[in-house]
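J.: On the provided structure of chain C, position chains Z and D as indicated by the hints.
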Amino acid sequence: MARKISMKQAVNEALDQAMAADPTVICMGEDIVGGAGGNGEMDAWGGVLGVTKGLYAKHPKQMMDTPLSESAYIGAAIGAAACGMRPVAELMFIDFMGVCFDQIFNQAAKFKYMFGGKAETPVVIRCMVGAGFRAAAQHSQMLTPLFAHIPGLKVVCPSNAYDTKGLLIQSIRDNDPVIFCEHKNLYAHECEVPEASYTIPFGEANIVREGKHCTIVTYGLMVHRSLDAAAVLAKEGVEVEIVDLRTLSPLDMDTVLESVTKTGRLVCVDEASPRCNIATDISAQVCMHAFGALKAQIEMVTPPHTPVPFSPVLEDMYIPSAAQIATAVRKTIKGSK
Amino acid sequence: MSDIQTPPCVGIIANPVSARDIRRIIANASNLQTSERVSILLRVLTTLAASGVERVLMMPDKGGISAMLLRSLKRERSQNHQFPELEFVDMSVTSTVNDTFFAARSMQQAGVNAIIVLGGDGTHRAVVRELMLGTQAGKKAVPIAGLSTGTNNAFPEMREPTITALAVGLYATQRLKGTQALAQNKVLEVSIDQGQRRDIAIVDAIISRDRFIGARAIWKTDNLEAAYLTFADPQVIGLSAIGGLLEPVGRTETGGLTISISDDPGRCKFRLKAPIAPGMIADIGIAGFERMPAGQPFSVALEAGVIALDGEREMPFDTHEQVSITLHENAFQTIDVTRCMQVAAREGLYIHQPSRLS
Amino acid sequence: MQVQNPFPLSRDELLTVYRQMRTIREFEERLHIDFGRGDIPGFVHLYAGEEATAAGIMHHLNDGDRIASTHRGHGHCIAKGVDVVGMMKEIYGKKGGSCNGKGGSMHIADLSRGMMGANGILGAGGPLICGAALAAKYRNKGEVGICFFGDGASNQGTILESMNLAGVWNLPVIFVVENNGYAESTSRDYGTAVDSYVDRAAGFGLPGVTVDGTDFFAVHEAAGAVIKRAREGGGPSLLECKMVRYFGHFEGDAQTYRAPGELDDIRANHNCLKILGDQLTAAGIISQSELTKIDEEVMVLIEHSVKEAKAAPFPTLADLTTDVYINY
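Residue numbers (the numbering used here), protein chains in the order written: chain C, 1 to 337; chain Z, 338 to 695; chain D, 696 to 1023.
If you are wondering where the hints come from, they were derived from the structure by calculation, not from laboratory data.
Since the structure is predicted, the reported quantities are computational estimates derived from the model, not experimental observations.
Take the hints with a grain of salt, since some may be wrong.
[As the list claims (entries may be wrong)] In silico DSSO-like pairs for lysine-lysine, Cα to Cα no more than 30 Å straight-line:
id, chain 1, residue 1, chain 2, residue 2
1, C, K262, C, K337
2, D, K789, C, K118
3, D, K832, C, K58
4, C, K295, C, K235
5, Z, K557, Z, K606
6, C, K53, C, K4
7, Z, K411, Z, K399
8, D, K790, D, K1002
9, D, K832, C, K61
10, C, K61, D, K923
11, D, K969, Z, K557
12, D, K836, Z, K557
13, C, K295, C, K212
14, C, K337, C, K212
15, Z, K557, D, K832
16, D, K836, C, K61
17, Z, K610, Z, K557
18, D, K1005, D, K988
19, D, K836, C, K58
20, C, K53, D, K832
21, Z, K557, D, K923
22, D, K836, C, K118
23, C, K118, D, K790
24, C, K334, C, K295
25, D, K832, C, K118
26, D, K923, D, K836
27, Z, K514, Z, K476
28, C, K235, C, K334
29, C, K118, D, K1005
30, C, K337, C, K295
31, C, K118, D, K1002
32, C, K262, C, K212
33, D, K1002, D, K988
34, Z, K610, D, K923
35, Z, K399, D, K969
For reference, chain C alone in the conformation it holds in the complex (with noise of 0.2 Å):
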């Protein structure tokens, strides 16, 4: 039996597993290791968060600080990736990347198709996502849909340690470039993880709860919001599916089809903004193959569409609940043709 870990465990593992495996993973980010050039301890931090913690000292040449300058070393970490090596870059929050975004979208995304095919990028932009840590506007956004909309763009957002720690191998070994999405609000949950490298493979959604009146479709910390819809929804005898879609780009929509296919309701639950976000996608690809499946309307539950709230009574409002993924589901169950 495999023993528990946390999610920033898992990524830790991960990350210490690849390097060890290869010498040309090496990661790279803001206070990663943490104290570099002080007079104090070397890895002071290991990320902000701790997330890296002790990883210097198994590998103190594969581990990087940068100076706080995002242009800089993202865009290094994916020139070194087209040189041959396999950099793990961290961008400390998501909401980093308007200052670091044409060497993402317009360098590492193009390379391979820009060049014929003759490039490969494999390069991995670890960040954090998502609200609930009452860190405001500019550090808790879930900005997944602005990267799935960029051809070239693989994007992951895991919701538990397992899925962490497979996601991230593959990511490292995948020769595309990787947004590692990890939900800051997850970094604590514990699961089971086995002790030994593995992969998940990409484009696999996992069905974490079976049901057959309702799928809802969703990722990283709202899949747990879902769960506790599903919890209280049971009591009133609705089954709810959960797909917990892990990959974004590339998307899983053959589970998608099959579980509305089976269920015939849908909603879609997104941390993201309401507009153009992946709940609007799935929807949109719903609509268009599975429309005569569907016995109700599709009902999304996001945020509203405003900046992500300081207070903390405002931050709670704005996050999606178990409630109101619980009304949506109800409503579909209601509205049934």
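T.: This is chains Z and D only, laid out in the frame that chain C set:
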């Protein structure tokens, strides 16, 4: 003194690319930033204004100095700070040494009282060369005052530009006479094939067995053949330091120095360590040296090579060409800042009574 | 009598350099004509006039050394050894082009030659070359990275950030400013608060050197020094090459922002190819007829590349969706 123009006008030639050459890479030579050069100019201009110089004629450039200076002057003037009227020489900028030649010529033509030069030995050489040509053609001699912003600064002395500008101001406004303010300087005249090609050096003419100009600055010592020096100061940097550490010759002393350089064990008499560029202490094989009396041509024995003038490779010469080098004294004038300021102090030129002024 | 070669390159090397510079010139002059005729899709930025810089730097490089190029990248490609016929096909948007017609003029790349791509984003090469240099440091074979950018792109934050990063990590990077005086149509005087790139480098502790970018030997010597320094672990530096741009920012640019007579002066007095040719013939080691022969051979090569490009098939619908993962 009829020589002096009224109202007083001073020329300024600031080389935007001095101290940008390869010696920064190979020897960590200093880099005087453009913004610092502009600060120097602002200090000089303020000082000239305070000295009563009403007009300044300046060389335009496309290397950032004039553009930034204009921007800075606009800001300064909006704060009511006083500057002389600044006019740029009407010329199209080529960003080559031709700009310096053209500007010096125009300033001499315009009758400026003195030219302040910001640069290293190379920039000063270019100004002097042009002024000497003008003087030979019958134009009035113009003294120069050097501010060191280059790499090899044997010729311009290191000094706060404010003081240099004060000295220039004293001369340009006729508070000091030429006999009090000016110093005479030596040059080396380099002549190829009896004057088919001619040039000058104000500090050193170096013969190298290299035969191309390349990145200009002379920095490799393996191919050095000979050095000809107007003066040799043990305290200065550059190839003239070889002479300085061998047989010092003063700026105002009569005659110069020539040195034969060779690594060939048959010719090399001894070796000498000398700071031939900032941060470069080279080990030079000395085959011999002798004083150079003024007016006597010295033939260059090397068949083909390149002549570096004041630190920069300038004149390649071929096997069929004859090179001779002659030292000339009293060739051009500089503002003697030390003496100007001493006289000013002795004569109380900066003392004034407020009541008498009003 | 045997004439002694005064230059720091062998006769054969000099012939190769001349051929390379002539190839770039002819390639660009030909594109200028063919673009004007409407044969070429999109838009192109021509390198003509700047050949001495590409050749002077690239002469020191091997395939393991990486360069990050710019939108004006044809010259860098040719000097780095990218196949000319493949390039021409690429510019015509044809199958068999350097990028199979998917990149075009602004994205020609050949990583096997160390050419990391022309780049449509100004200043984007700075961070990328830091990465290439970092990879080189890990490989520890003395490889270097060269980042080309113009006087315009020097104002991009990416370039400044890259100089800092290269300084912090002591990366074997050379930042090459190709200073042709114009950022598109805007003069350097207007767009650059302090017009010295050596000064900027100094702000990050990087030594810098300015050379006449139209003199092959000046570029070659300075580039040799900075590259040697980087190979030996001396870290990053900056090389500013002052040069001229024969054509507009892009083809079709009427260049009314130039002073009257400026272009004539550039072609008459700052023609790097002529300067090199004159240096070689004056030294007596290469005859004019040898140079003319090269000129003719290059003409044949360019003509051949245009013919090949025109004859080559366009990519097909199947090519539209390859070389990138497609999810749906």
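J.: Confirm or reject each hint.
T.: Hint check:
The straight-line distance between the Cα atoms of C/K262 and C/K337 is roughly 15 Å, inside the 30 Å bound, and the hint therefore holds. In summary, the hint linking D/K789 to C/K118 is supported, as the alpha carbons are separated by about 16 Å, within the 30 Å threshold. Straight-line distance between C-alpha atoms of D/K832 and C/K58 comes to about 20 Å, which keeps the hinted pair within the 30 Å bound. For a cut-off of 30 Å, the pair hint linking C/K295 to C/K235 stands: about 22 Å separates their Cα positions.
In summary, the hint linking Z/K557 to Z/K606 is supported, as the alpha carbons are separated by about 21 Å, within the 30 Å threshold. A C-alpha spacing of about 19 Å is found between C/K53 and C/K4, which places the hinted pair at or below 30 Å, so the restraint holds. The straight-line distance between the Cα atoms of Z/K411 and Z/K399 is roughly 18 Å, inside the 30 Å bound, and the hint therefore holds. A threshold of 30 Å between alpha carbons decides the hint, and for D/K790 with D/K1002 the separation of about 14 Å falls inside it, so the pair holds.
Distance check on the hinted pair: D/K832 and C/K61 sit about 11 Å apart at the alpha-carbon level, within 30 Å; holds. Of the pairs offered as hints, the one joining C/K61 and D/K923 holds, with about 25 Å between alpha carbons and a cut-off of 30 Å not exceeded. Distance hint between D/K969 and Z/K557 is fulfilled; the C-alpha atoms sit about 27 Å from each other, no more than 30 Å. Between D/K836 and Z/K557 the CA atoms are separated by roughly 27 Å; this keeps the pair inside 30 Å, and the hint holds.
The hinted pair formed by C/K295 and C/K212 meets the criterion: a straight-line CA distance of about 13 Å does not exceed 30 Å. Simply put, C/K337 and C/K212 have alpha-carbon atoms about 16 Å apart, close enough for the 30 Å limit, and the pair holds. For a cut-off of 30 Å, the pair hint linking Z/K557 to D/K832 stands: about 29 Å separates their Cα positions. The hinted pair formed by D/K836 and C/K61 meets the criterion: a straight-line CA distance of about 17 Å does not exceed 30 Å.
Distance check on the hinted pair: Z/K610 and Z/K557 sit about 14 Å apart at the alpha-carbon level, within 30 Å; holds. With a C-alpha separation of about 26 Å, the suggested pair D/K1005 and D/K988 falls inside the 30 Å cut-off, and the hint holds. Straight-line distance between C-alpha atoms of D/K836 and C/K58 comes to about 25 Å, which keeps the hinted pair within the 30 Å bound. Proposed proximity of C/K53 and D/K832 is supported: the alpha carbons are some 25 Å apart, at most 30 Å.
As the CA atoms of Z/K557 and D/K923 are separated by approximately 15 Å, the hinted pair is consistent with the 30 Å bound. A C-alpha spacing of about 23 Å is found between D/K836 and C/K118, which places the hinted pair at or below 30 Å, so the restraint holds. At roughly 14 Å between alpha-carbon atoms, C/K118 and D/K790 fall within 30 Å of each other, so this suggested pair holds. The suggested pairing of C/K334 with C/K295 holds, with an alpha-carbon distance near 10 Å, which does not exceed 30 Å.
Proposed proximity of D/K832 and C/K118 is supported: the alpha carbons are some 23 Å apart, at most 30 Å. Among the hinted pairs, D/K923 with D/K836 is consistent with the structure: their alpha-carbon atoms are about 13 Å apart, no more than 30 Å. Of the pairs offered as hints, the one joining Z/K514 and Z/K476 holds, with about 19 Å between alpha carbons and a cut-off of 30 Å not exceeded. A C-alpha spacing of about 16 Å is found between C/K235 and C/K334, which places the hinted pair at or below 30 Å, so the restraint holds.
This hinted pair checks out: C/K118 and D/K1005 have alpha carbons roughly 23 Å apart, not beyond 30 Å. Our distance criterion of 30 Å between C-alpha atoms is met by C/K337 and C/K295, whose separation comes to about 5 Å. For the proposed pair C/K118 and D/K1002, the alpha carbon gap of about 25 Å is at most 30 Å, so the pair holds. Between C/K262 and C/K212 the CA atoms are separated by roughly 7 Å; this keeps the pair inside 30 Å, and the hint holds.
Under the criterion of a C-alpha separation no larger than 30 Å, the hint pairing D/K1002 with D/K988 is consistent with the structure, at around 21 Å. Of the pairs offered as hints, the one joining Z/K610 and D/K923 holds, with about 25 Å between alpha carbons and a cut-off of 30 Å not exceeded. Taking the CA atoms of Z/K399 and D/K969, the gap is near 24 Å; set against the 30 Å cutoff, the hint holds.
Checked against the numbered hints given earlier, the structure satisfies every one of them.
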